[in-house]
Amino acid sequence: MKKILVLTFALASSHSFSECMGRGYFVDNEDPRYRFELCVSAREYFSIIDTDGNDLGTILRETDESDKAVLVTPLNEAAQSMLRGEDQEYWHYSGECSDLTLGVPLEITESEAHCSDVGPTKYMFLGDFTIKEVRVVTD
Numbered sequence: 137m138k139k140i141l142v143l144t145f146a147l148a149s150s151h152s153f154s155e156c157m158g159r160g161y162f163v164d165n166e167d168p169r170y171r172f173e174l175c176v177s178a179r180e181y182f183s184i185i186d187t188d189g190n191d192l193g194t195i196l197r198e199t200d201e202s203d204k205a206v207l208v209t210p211l212n213e214a215a216q217s218m219l220r221g222e223d224q225e226y227w228h229y230s231g232e233c234s235d236l237t238l239g240v241p242l243e244i245t246e247s248e249a250h251c252s253d254v255g256p257t258k259y260m261f262l263g264d265f266t267i268k269e270v271r272v273v274t275d
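Okay, so the sequence shown: first residue is 137 according to the working numbering, each after it adds one.
Simulated from the structure, these hints should not be mistaken for laboratory data. Heads up, the beta-carbon is just placed ideally off N, CA and C, and yes, glycines get one too. Treat the hints with care, since some could be wrong.
[Claimed, not checked] Distance ranges between label pairs, derived from CB positions:
| id | residue 1 | residue 2 | range |
| --- | --- | --- | --- |
| 1 | Glu246 | Arg179 | 20 to 28 Å |
| 2 | Val240 | Arg197 | 32 to 40 Å |
| 3 | Arg271 | Gly193 | 31 to 39 Å |
| 4 | Glu213 | Glu173 | 15 to 23 Å |
| 5 | Thr245 | Glu173 | 16 to 24 Å |
Given the sequences, and given the hints that come with them, work out the whole structure.
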């Protein structure tokens, strides 16, 4: 029997910048596993993406030095189902880049789901999750 482990949902007004939607993964003895390819400051990431100048100003005002952006690559179907439809995407990370082991299989052990329904916010461009803690997968 499959169980829904994660589901995010938010209602957004018609003028919202939100991409919020119900999404989750179905587990059949498979935990989502990822590889983090890159970790940079969120400010650095926002400075290179293509966005409206006014939106960028609003986003940068609410972004501080502790905000990081990690490039997430899913390693299995459960992990792929958590992305917005891309092969890779940047997610918000609340830790230090030096704490991450890049390029190895990881499981996210603590995260916070969010949806930006009154946009624009930093989360609009950084996935639907803030990653708080990860562990290296050895099996």
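Evaluation of the provided hints:
no.	hint	verdict
1	Glu246 with Arg179: 20 to 28 Å	holds (24 Å)
2	Val240 with Arg197: 32 to 40 Å	holds (35 Å)
3	Arg271 with Gly193: 31 to 39 Å	holds (37 Å)
4	Glu213 with Glu173: 15 to 23 Å	holds (19 Å)
5	Thr245 with Glu173: 16 to 24 Å	holds (19 Å)
Comparing the model with each numbered hint stated earlier shows that all of them hold.
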